[in-house]
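Chain by chain, the residues run as shown.
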Amino acid sequence: MNNQSERSERYLKLYRENIGRISLSSSPYINSFRQRAIEEFEKLGIPTRKNETYRYTNLDTFFNHDYNTYFMPGEADFIKAEEFRCDVTDLDAHGVVLMNGFYPTIRDKVRQLPGGIWIGSLNEASAKFSDLIEKHYGKYVNGNSDGLVLLNTALASDGVFLYVPEGAVLKKPIQIVNLVDSQDDIFNQHRNLIIVEKNADMTLIICDHTLSPRKFLTNAVTEIYVGENSHFDIIRVQNEHNNAAKITHTFIYQERNSFASSNNITLHGGLVRNSTHHYLGGEGAECNSYGLFLADKFQHVDNYVNVSHAFPKCTSNQLFKGVLDDMSTGAFNGRIFVHKDAQGTSAYQKNNNILLTDDAKMDTKPQLEIYADDVKCSHGATVGQMDENALFYLRSRGISKREARLMLMFGFAHEVIQNIQVEALRERMDNLVMQRLKGELSRCASCIVKCG
Amino acid sequence: MLIIDNLKVAINGKVILKGISLEVKAGEIHALMGPNGSGKSTLAAILAGREFAEVLEGTVTYMGKNLLEMPAEERSREGIFLGFQYPIEIPGVSMVNFMKTAVNEHRKHKGLDPLSASDFLKLMREKKELVEIDSKLANRSVNEGFSGGEKKKNEIFQMAMLEPKLAILDETDSGLDIDALRIVANGVNKLKRPDTSAIVITHYQRLLDYIVPDVVHVLYDGRIVKTSGRELALELEEKGYDWIKKDAEKNEL
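Which chain is which? The protein sequence lines are A and B, in order.
Letter 219 of the first sequence, counting from 1, is numbered 311 in the numbering used here, and no numbers are missing.
Letter 248 of the second sequence, counting from 1, is numbered 251 in the numbering used here, and no numbers are missing.
These are computed hints drawn from the structure, not numbers from a lab.
Predicted model, so just to flag it, every value in this text is computed and none were measured.
Fair warning: there could be bad hints in the mix.
Said to hold, decoys possible - Straight-line C-alpha distance at most 20 angstroms; calculated SDA-like pairs for lysine to any residue:
no. : chain 1 : residue 1 : chain 2 : residue 2
1   : B       : Lys-103   : A       : His-333
2   : B       : Lys-195   : B       : Val-27
3   : A       : Lys-493   : B       : Pro-90
4   : A       : Lys-530   : A       : His-333
5   : A       : Lys-493   : B       : Glu-108
6   : A       : Lys-493   : B       : Arg-53
7   : B       : Lys-103   : A       : Glu-519
8   : A       : Lys-493   : B       : Lys-113
9   : B       : Lys-103   : A       : Arg-494
10  : B       : Lys-111   : A       : Arg-494
Given only the sequences and the hints, what does the whole structure look like? Please build it.
Here you go:
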């Protein structure tokens, strides 16, 4: 019904109507990307299933919808924000809340943490740290031909800025809690920029939550720079309701001898699509890309991973797992691209999925493009039912069928969870996954978001 | 303790067990021998409750109850233990969690409270020493990355934890070197009590040097073709199975 140009027109109109307001609160540098991005977007449009990387994901129900509010908080929101406080966590972390994609505070929009680390609103930081913004902003998404990334570049209003200077080691993780809470249907697009200079070490946790039962759509882009010899972990925990769509695009650029890992854990959500792009941009860089999702009812979860080996002697590892119940559907698309000169590359990929019903469906597609000769590469994918032999083994020791099934699913999921280095978070994820598998409501229990 | 009467079993329409009758009394050790494909492992799996075959005829009575009606987990709680020929690797499920769940299910069945964490760990320690299993193995996922010998020792360790009344050991000796074989056999012997029984399935007499059976059965083509004392095992070791096969075929004619 809606053809491509009609679909896009909704968003072009949005751009025309809002760009003035959005530009006002952003820095000239960030604004300088917008015009070109919207022009590119006009050519590419909202991705359809004809687009290879979105082949298994239908965005229509969320992108053909009229949302009441787009991108920008109004005056009233800021007044509300002034009183807004969230007790986000008992996790020992430095916490930041992003409300409907913007920074819900008026004061202290950028603050300093131990070790000279700065965190705050991207808009606010772009004046204070203009040299850093100019060095990094828009650089790591460059060349990406996803219409939704372009749409974000054109219209993003705010997000989190995080700067970790050279040699800084942050023992506590930083936690960003993305909340969507509104009495209206909302579409928000935020943009994060994370800069980790060389010889630094930090862990970032991003939690995605919805607090009210309206229709929500989020299209978020995160650009991450990991400097030489640095260590960076990002863990994303998604727990949204069935009427919410979460589209994330994460771009991690690594310098030589750096290590980065990404772990996307999707506990709940109506439509989820995470694309994670790793660029190994220096010799000896290493990355691990993990993902786990648990889907039921009519949920759909799609993970797209792109690992680019641009330099010699880099290592990458992908492990993605899914458990699909009811009529849920899932997709995995894992791309490994080894450039011509990237000799001595090691690149591995594994994708395993369990279908609990005959109606659940999983599409998995490895995509290896190798232009170097000295390369170690492997990939494997499975889609299947629960292992009957393992089930019998557990039952033969006196464990009931129900409990045995739970243990197996939990074990299956734990293989991804166990890669989380923050112990408190790892234990919490184990608990949440267990609750989720038992069919209990898995609120991020002890991390209750108390807002008022 | 266990009475098998004229048991006939088919898998995918093919008859594998063609009328097995066998009685194991409390305190007895029975050895079940026979060439490959004779139905030994099928019998073991049927007794443990694996739902893969169709029982055509016959009954199995365990402690006065109809065994074939019980689900696998209930058989275990009632005291039946199967030592697997090929123990299953279960990534992501820790040995500790696995055993804790199993032990507490058994306790619940007996009307006992679950063990406290410290009592459970104490029990684990004791039993680990009994089977000389590497302490570190208990902290890993179930059988994951275990060597062949470690897997078999782990079976005996589980048996020690669950203290079965009737242990069915399916080729526990296969793939073991002589030291591991001794450890496994010692474990079985140490766990043996006057009132507990075992069915030991094996190809070779070797294991029976360590675990001394009261009765030896030879299974061939789905039937028990010979039952005798332990001297039968020695005779088989010497002469192989061919004479048994010939005898059996002669009888059929």
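So, going through the hints one by one against the coordinates:
no., hint, in the structure
1, B:Lys-103 to A:His-333, "violated, 35 angstroms"
2, B:Lys-195 to B:Val-27, "holds, 15 angstroms"
3, A:Lys-493 to B:Pro-90, "holds, 18 angstroms"
4, A:Lys-530 to A:His-333, "holds, 18 angstroms"
5, A:Lys-493 to B:Glu-108, "holds, 12 angstroms"
6, A:Lys-493 to B:Arg-53, "holds, 12 angstroms"
7, B:Lys-103 to A:Glu-519, "holds, 18 angstroms"
8, A:Lys-493 to B:Lys-113, "holds, 19 angstroms"
9, B:Lys-103 to A:Arg-494, "holds, 16 angstroms"
10, B:Lys-111 to A:Arg-494, "holds, 16 angstroms"
Hint 1 alone, counting from the list given before, is not met by this structure.
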